[in-house]
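Q: Below, each chain spelled out in residue letters.
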Amino acid sequence: MDDFLAARSQMALSLGFHIIYACIGMVMPFFMAVSHYKWLKTNHEVYRNLTKAWSKGVAIFFATGAVSGTMLSFELGLLWPKFMEHAGPIFGMPFSLEGTAFFIEAIALGFFLYGWNKLNKWFHWFTGVVVGVSGLASGILVVAANAWMNSPAGFDYVNGQYLHIDPIQAMFNKAWFTQALHMCLAAFTATGFAVAGVHALMILRKQNQEFHYKAFKIAAVFATIGALLQPISGDISAKDVAKRQPAKLAAMEALYHTRKPAPLLIGGIVDEKKKEVKMAFEVPAALSFLAHGDFKAEVKGLDQIPESEHPPVAVTHYAFQLMVGIGSLLVLLSLTYYVNLWRKKAIVDRRWLLKLFVAAIPLGYIALEAGWVVTEVGRQPWIIYGVMKTKDAVTPMPGIAWSFYLFTAIYASLSLIVIFLLYRQIKMVPTLYSQQPQKQ
Amino acid sequence: MQYVVISFLCLAILLYFLLGGADFGAGIIELFTSPKNRSKTRKTMYHAIGPVWEANHMWLIIAIVILFVAFPLIYSTMSIYLHIPLAVMLIGIIARGTAFVFRHYDAVKDQMQEVYNKIFVYSSFITPLFLGIIAGSMLCGQIDTDPHNFVQAYIWGWLNFFSVAVGLFTVALCGFLAAIYLIGECKEEEDKKRFIKKAKFMNVAAVLLGIVVFWAAYSEGVPLVNWVFENPVGLTAVSLASLSLILLWYLLLKGKTKVLRILAGFQVTMILLAISYAHFPNFIRLRNGDAISLYEAIGPEKTVSTLGWALLLGSLLILPFLGYLFYKFQKKEE
Ligand code: HDD
Ligand code: HEM
Ligand code: HEM
Numbered sequence: 001m002d003d004f005l006a007a008r009s010q011m012a013l014s015l016g017f018h019i020i021y022a023c024i025g026m027v028m029p030f031f032m033a034v035s036h037y038k039w040l041k042t043n044h045e046v047y048r049n050l051t052k053a054w055s056k057g058v059a060i061f062f063a064t065g066a067v068s069g070t071m072l073s074f075e076l077g078l079l080w081p082k083f084m085e086h087a088g089p090i091f092g093m094p095f096s097l098e099g100t101a102f103f104i105e106a107i108a109l110g111f112f113l114y115g116w117n118k119l120n121k122w123f124h125w126f127t128g129v130v131v132g133v134s135g136l137a138s139g140i141l142v143v144a145a146n147a148w149m150n151s152p153a154g155f156d157y158v159n160g161q162y163l164h165i166d167p168i169q170a171m172f173n174k175a176w177f178t179q180a181l182h183m184c185l186a187a188f189t190a191t192g193f194a195v196a197g198v199h200a201l202m203i204l205r206k207q208n209q210e211f212h213y214k215a216f217k218i219a220a221v222f223a224t225i226g227a228l229l230q231p232i233s234g235d236i237s238a239k240d241v242a243k244r245q246p247a248k249l250a251a252m253e254a255l256y257h258t259r260k261p262a263p264l265l266i267g268g269i270v271d272e273k274k275k276e277v278k279m280a281f282e283v284p285a286a287l288s289f290l291a292h293g294d295f296k297a298e299v300k301g302l303d304q305i306p307e308s309e310h311p312p313v314a315v316t317h318y319a320f321q322l323m324v325g326i327g328s329l330l331v332l333l334s335l336t337y338y339v340n341l342w343r344k345k346a347i348v349d350r351r352w353l354l355k356l357f358v359a360a361i362p363l364g365y366i367a368l369e370a371g372w373v374v375t376e377v378g379r380q381p382w383i384i385y386g387v388m389k390t391k392d393a394v395t396p397m398p399g400i401a402w403s404f405y406l407f408t409a410i411y412a413s414l415s416l417i418v419i420f421l422l423y424r425q426i427k428m429v430p431t432l433y434s435q436q437p438q439k440q
Numbered sequence: 001m002q003y004v005v006i007s008f009l010c011l012a013i014l015l016y017f018l019l020g021g022a023d024f025g026a027g028i029i030e031l032f033t034s035p036k037n038r039s040k041t042r043k044t045m046y047h048a049i050g051p052v053w054e055a056n057h058m059w060l061i062i063a064i065v066i067l068f069v070a071f072p073l074i075y076s077t078m079s080i081y082l083h084i085p086l087a088v089m090l091i092g093i094i095a096r097g098t099a100f101v102f103r104h105y106d107a108v109k110d111q112m113q114e115v116y117n118k119i120f121v122y123s124s125f126i127t128p129l130f131l132g133i134i135a136g137s138m139l140c141g142q143i144d145t146d147p148h149n150f151v152q153a154y155i156w157g158w159l160n161f162f163s164v165a166v167g168l169f170t171v172a173l174c175g176f177l178a179a180i181y182l183i184g185e186c187k188e189e190e191d192k193k194r195f196i197k198k199a200k201f202m203n204v205a206a207v208l209l210g211i212v213v214f215w216a217a218y219s220e221g222v223p224l225v226n227w228v229f230e231n232p233v234g235l236t237a238v239s240l241a242s243l244s245l246i247l248l249w250y251l252l253l254k255g256k257t258k259v260l261r262i263l264a265g266f267q268v269t270m271i272l273l274a275i276s277y278a279h280f281p282n283f284i285r286l287r288n289g290d291a292i293s294l295y296e297a298i299g300p301e302k303t304v305s306t307l308g309w310a311l312l313l314g315s316l317l318i319l320p321f322l323g324y325l326f327y328k329f330q331k332k333e334e
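Taken in sequence, the protein lines are chains A and U. The first sequence begins at 1 in the working numbering and counts up by one. The second sequence begins at 1 in the working numbering and counts up by one.
Next up, chain A with everything else stripped away, as it sits in the complex (with noise of 0.2 Å):
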């Protein structure tokens, strides 16, 4: 493997893994602290128990959540170091305040995590919900960060040379809100289903029904929420790229000529020697509608765009085609939940229900996933858009290729030691929550 692939490729993963652990610790304490709340305001002994269950669980993600971003802040070092010697000082601004909310999140999940029966009791509540709000607000400031490598802002860039820096305008640069937004969103809607999946699924095996039934009903609120407002956030960043970087909307659609008006492809296989898409099904000008907002609008393609400036289509396309359709989907599980509501129907006994739930468990971090692959394979070349090529910015260290073997391992295993872990805390609610809840 060539040094610059095992680079993108460490970098990937290293994100991708991250995102993971950085979602269910922005969203599970919202999950806790409407369950906290429920405690404390009907003092049923499930709603603590739920709440105690579910800060263990969220314990094990912070712990790995924190650690693989202590080394992302390291490798964007480590691997881009010509980027970060002139990105550092112009998109640094958003990580150091982003320092601050982990700080605090840190400190109030130390109060929350350690606090039961020591603390006043709303006052412990409120650390739950401090814990949650800068989780997510660190979110969206990471995301500014990563707007700003796709909509670079706050420098004037002459002759090479990084002029005039403002890192305030930097942070808030074209990419941002839309960015944040369908990040958080997404952020809910995928811990949510993959919540809501795992207690449907205890449901279904008939183990503590009570207790995983308020579990799920909590989860499934924001999951379906979440879910239902991303095609909107969406079709926002869709609109917001067609402007910024028609290359990457190109990419995504596989759009390899410019056509007024523009068809929607939906699936298709892309050959991108040919520079064709076969067997794709066309919705005429949809694209143009869903880019500029307007029937009957051009809409660019690659062929407009120097060769050398060409994100990979195949894989752009395609993990976009994957968001979508699950995105699509997930849209209409939420509405066959919110039909069989409001029919009075019991969820409990609605099994195909709870089984379409346990089969979306990974669909929410799969679009997430695929999500970001849209927005940074479809960046390439650049790893600052139109300002630096992300080739440019490799370190000269040779040797990345072992380097990503190492951490390809260590994240494997993480990866299976924390799957190992929650499956032991699941199997244990019976024994710690049913028989005693007194203890602990």
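Hints in this document: simulated from the structure, not taken from any laboratory. Take every hint as true, because none was put in to throw you off.
PhoX-like, lysine-lysine: derived pairs with alpha carbons at most 25 Å apart:
#1 A/Lys389 - A/Lys300
#2 A/Lys82 - U/Lys302
#3 U/Lys254 - U/Lys197
#4 A/Lys217 - A/Lys56
#5 A/Lys260 - A/Lys239
#6 A/Lys273 - A/Lys300
#7 A/Lys243 - A/Lys174
#8 A/Lys56 - U/Lys118
#9 A/Lys174 - U/Lys302
Facing chain A, from chain U, some residues (calculated, C-beta under 10 Å):
#10 Val69
#11 Ala70
#12 Ala87
#13 Met89
#14 Ile318
#15 Leu322
We put the CB at the ideal spot given by N, CA and C, even for glycine.
Following the hints, position chain U with the ligands against chain A.
A: Leaving out everything else, chain U with the ligands in the frame of chain A:
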């Protein structure tokens, strides 16, 4: 504002060394504890560092973020030439952090615990070792920005007697800090005795390794002696550290534990001060005799001033809570 940023950088490094160091040290002590006492040590340790360990490690992140925002050249130089030790340290951090949490939160306590323990103690040793190696390499002046081959560029910069000596010294200091910290956390007299013994052991080790560091500096041509002894601040710091060492031993022998922590923290601070003061603001010494200085490598003005404000405001938000966290969990047993 550049002074604010530099102060925060120094503060973050210092606090990481003290708090994170004590945290690593806990693992090191476990490594040097006989198997029959291990589970007890572990318990005390968990109570002591459980609530705060996450916050302790934030200082490293703060330091790194300050480096790459305000001192990009330093960050990129380190990242390129110290790639290997940084990567090893990172692996150590990952292994340690996750093993610590896994062993506590694994719902079933079986032989997996042994696996977590092993990972935890060894990575607690390796991480500060490489942290020290990295610090040593920045002083050592073996980093070659104009290398002729791989080994010169990526290996000799950090793999030398001096850096390794600093690494080992760091390990001993961490163990020492942890032992002292844990003494205060013990509930039983017997436990306390054990940690006092450990503290003595670690202290002796640190002093001996400190001497090795000077020897290594001499043999590698690092003017450490000049830095420390030809400079009034360095000299005072070292003298204070040595004087307080006597006081520390006196208290240890007497079994008085109240001020020990402050004293130990003070000593380590003085040692860091003594080493770094004389060549401040130089941050990395290079093989060709040049040095990268904090003042010269500092980033654009606007960035630095925004960062400065962010740090000031951030600490207003953070410090009271952090203080309260420590306070709350110190008090809890009483
Ligand atoms: C649960 C996950 C999930 C789901 C269901 C969707 N997305 Fe998404 N999408 C993401 C998760 C995501 C993401 C991982 O969060 C990304 C990557 C970068 C970002 O800001 O969000 C993203 C990026 C992303 C981008 C690129 C933005 C950019 O490069 O700036 C577009 C155009 C869309 N999405 C559009 C959609 C549409 C039209 C969807 C309709 C159903 C959709 N997404 C569902
Ligand atoms: C956490 C969600 C993210 C995921 C899953 C992700 C995914 C990826 C992928 C797949 C690549 C490789 C692209 C390629 O080389 O073809 C990549 C590259 C990269 N990403 Fe992201 N990314 C994420 C967020 C971020 C953020 C928040 C930043 C920085 C602020 C960032 C910075 C980078 C950098 C520096 C590279 C390497 C240079 C490049 O390939 O352009 N990423 N990421
Ligand atoms: C879209 C991408 C990202 C999102 C949404 C995100 C979000 C988060 C969140 C919510 C946490 C808290 C950990 C937890 O609760 O489990 C976290 C941890 C962390 N992240 Fe990320 N992150 C992203 C990418 C990055 C990148 C690119 C970096 C590196 C430059 C980074 C650095 C860190 C660090 C240092 C931590 C540990 C802080 C702690 O101890 O809490 N993150 N991230």
